[in-house]
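Participant: Residues per chain are reported as follows:
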Amino acid sequence: MRPRQGITEIFSTFLQFDADRFRAWVSDPHLRRSMQARLAQSPQMEAAESYWVLYWYKLWQTQPESLAKAHLSAYLQEVCYWTAHKTSASFTSSQYTLSDCFQMAIARLDKVLKGFNPQLGYGFKNYASAIFSSVLKDLLRQQQEVDISTNWSLLRRLSQKRLVESLQNAGLGVEIINRYVLAWNCFKTLYVPTHPTGTRQLPKPESETWEAIAKLYNQERITQLHPAGTESNAQAIEKWLTACAKAARSYLYPSFVSINAPKPGQESGEFLDDLGGFEQDNYLNEMIAAEEQTKQQSRQTQMQAVLAAAIAKLDSQAQTIMQLYYGQGLTQQQIAKTIDTKQYTVSRRLTRARENILLALAKWSQETLHITLTSEVLNNINTVLEEWLQVHYRRPSSLMESTS
Amino acid sequence: MTFDPSSLTLTDPTQVWLEVSDLVRSQAWQRSQACSHPSSRWNAYLNQVCLQTILPWLREEHAGKALAVPSFTALPSIWEFINGTGVAWDNVRLVLIPTETIDLSELRVPQEWVDIPDWVADYYFGVQVDPDLESIRIWGYATHEQLKQNGSYDPQDRSYCLDEAHVIQNLSVLWVGRQLGIAETTRRTVPALPAISLAQVENLIPRLGNPEAISPRLAVPFQLWGTLISHGGWRQKLYHHRLGHDEQWSVLEWLQTGVSEAARQMGWGQSTWQPAMAAARGTTQFFPEVLLSRHMIIAQQQYELRVMPRTGGVWRFELRHATGDRIPAGFTLRLLTEDLQAFEGNEDTASQAVECLFVEVSLAPGEGLVWEIEPTPINYDREILRF
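Chains as they are written, first to last, in this note's numbering: chain A, 3 to 406; chain B, 3 to 389.
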């Protein structure tokens, strides 16, 4: 992949795939104009990438509908690409291509934006990479589970929220969805595994089970459904549930994400061209961003030192495990073999080591940055900790913040 | 398509994954057979697997004193109706909420764990259980406060649903937060549930105790249900009713034919009274050969509650230290009617260290009594002794 040149390109172009390979950077004219206009006002910031990250981030916070989000999406293209690359490479049996993974990850940009906390001193790219990676892994894991489950197992193993979303996605109306959900609940109550294992391969229920489900449905609909609807029967219920399973499968496939995924060159039409309001937001935002940028840079340096000190305090076995895990990229299983212990011991040691480091970072944030510690703040630090550790153990890394 | 073990590497390495041993699985399966319906059996199984796997880990890593609440033996009477398992240590309470779902879009907590004052916990752990895998995953947690604040209530299955965005997906946040002494409100006060009359209970138990009623928890208004189920004695009665068992808590029957299996599991047993000891105290009344006793732990000490008949329908309840030490000042032994009403002379409090606390009470045949002790014994769950 050709690296992007210059601030304007970094904040206004999108990756284009050719089948499964990088093809080109496609420029979005709106974003390019928007970026150029701002650069004309602050030419001294020409090279300051991290300044512009904070600038757009601050703007997104106050004006989430503005172009800020699209600029940040452009900015995160490489991070997203590399995360997708790493994840899809480690997961060979996936039917997903690299570009599918990329689309699935970038579709969760909102999660990155909502969770990022510039006060905590870690980089936006680090945070984005952590979120993209966990989102992708989770989606791929789910996908695999769905693939190997029969319809009847799948139905038992869907959350209600996911089922409702799937049915909405399939274009069904509220009343029908309520009916289906009730039928699904009756199914889950009455169609229960009778062996402790084999739950992925549940066969189709017997006809008497369908009758029982229909009977329960007809009892429950009177109190649970408004309006209660008409009586149903075993055949209808079976049809409904088959439709539920189908909806859930297609909802879990990637086609759904492309609805949300920004498409280069097309999406900016949805955004208001905010150049008109540019003058008012600019001055204040610029000041804040500049101040934040300075602070953030010094925080990042300090934080790296705190991290290194916390790692140095770990006992030697913990240090070895951390080195093998983050430095050499071994799996927990491989580490267990290397140091002759059980996998869960490795997992626990890693967790404990991470907790020690998290504790040190949190204390430092509290004492030095005067941040009031809450679970949310801790959660935030913890999310990015994983990235920090990888950076720490694998310098230089493509995931490192280029300006930090 | 077969299962690809590499999907395990797709899991978040910072989340807690615990190995489920074959032994735990087969024990859990055996122990979850006493249920009225396959769905409650499956529920009991998933909860057993969770508890048997998480409790040892919790004790080893974070809370040496963690215990199942109300107790291992009382839990099946909860799992018959409700998903979730209580765990407690010091003054922390948590509820494990197993789920089989592939996606983790929401944490779905049955209302009982949120709105019954005695059941409210500080933390609710979402636990993903894949019965085909040899591991479970604690995928996130939320506090009671967060469930109330950000959760939505679904009247259809009476549960609080918290979107994954509000679930903290890493337990380290909890442990480190506690180490740092982060002072956050974990519990919100919930209103007390209204009292229900004995007549209502006697009407409800046969109705909800019919195993044909598949979801008894949804069959009556929540307030009624919550009051019924939070009373350990009524819950046990309902549970045994569904299993088709006879009265398990008849003290007269225990004396005649031995303590029932259910009561035995709760710690009741028969002992033999030592007439010599009785004589030494200068009492001249008739003493039976046997008395009923239940061992328990209060403030790290072993105690024994004894129940013995006197003449004329009078029963004596006694609390003693198991090894003969004195009972410290401040302890109270209290008896209540089945619907938890106090009555005259129903309690004895140690104003200074004493050898024994006792209450004597005259009972009509068939009457039920609930005992309470302060401080509350470990694994206490209300029980109704039938006379």
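Possibly wrong hints are sitting among the right ones.
Stated by the list, open to error - So the derived list for chain A, only partly shown, Cβ under 8 angstroms to chain B, looks like this:
#1 R159
#2 T196
#3 K206
#4 S209
#5 L218
#6 H372
#7 I373
#8 S377
None of these hints come from the bench; they were simulated from the model.
For glycine and all other residues, C-beta sits at the position ideal for the given N, C-alpha and C.
Participant: Going by Cβ atoms only, is S209 of chain A closer than 8 angstroms to chain B?
Facilitator: This interface hint is violated because 17 angstroms lies over the 8 angstroms limit.
Participant: Was the hint right that T196 of chain A lines chain B, CB cutoff 8 angstroms?
Facilitator: holds, 7 angstroms
Participant: Just to be careful: measuring from the Cβ of S377 of chain A to every Cβ in chain B, is the smallest value less than 8 angstroms?
Facilitator: Since chain B brings a Cβ to about 5 angstroms from S377 of chain A, closer than 8 angstroms, the hint holds.
Participant: Let's test the interface hint: is any C-beta of chain B closer than 8 angstroms to that of I373 of chain A?
Facilitator: Hint on I373 of chain A: violated, closest Cβ of chain B at ~12 angstroms, above 8 angstroms.
Participant: With chain B as the partner, please determine if H372 of chain A meets the hint condition of a C-beta pair closer than 8 angstroms.
Facilitator: violated, 15 angstroms
Participant: Given a cut of 8 angstroms on the nearest C-beta pair, is the interface hint for K206 of chain A held or broken against chain B?
Facilitator: violated, 17 angstroms
Participant: Once the shortest beta carbon distance from L218 of chain A to chain B is found, is it less than 8 angstroms?
Facilitator: holds, 6 angstroms
Participant: Holds or violated: is there a CB of chain B closer than 8 angstroms to the CB of R159 of chain A?
Facilitator: holds, 5 angstroms
Checked against the numbered hints listed earlier, the structure breaks hints 3, 4, 6 and 7; every other hint is satisfied.
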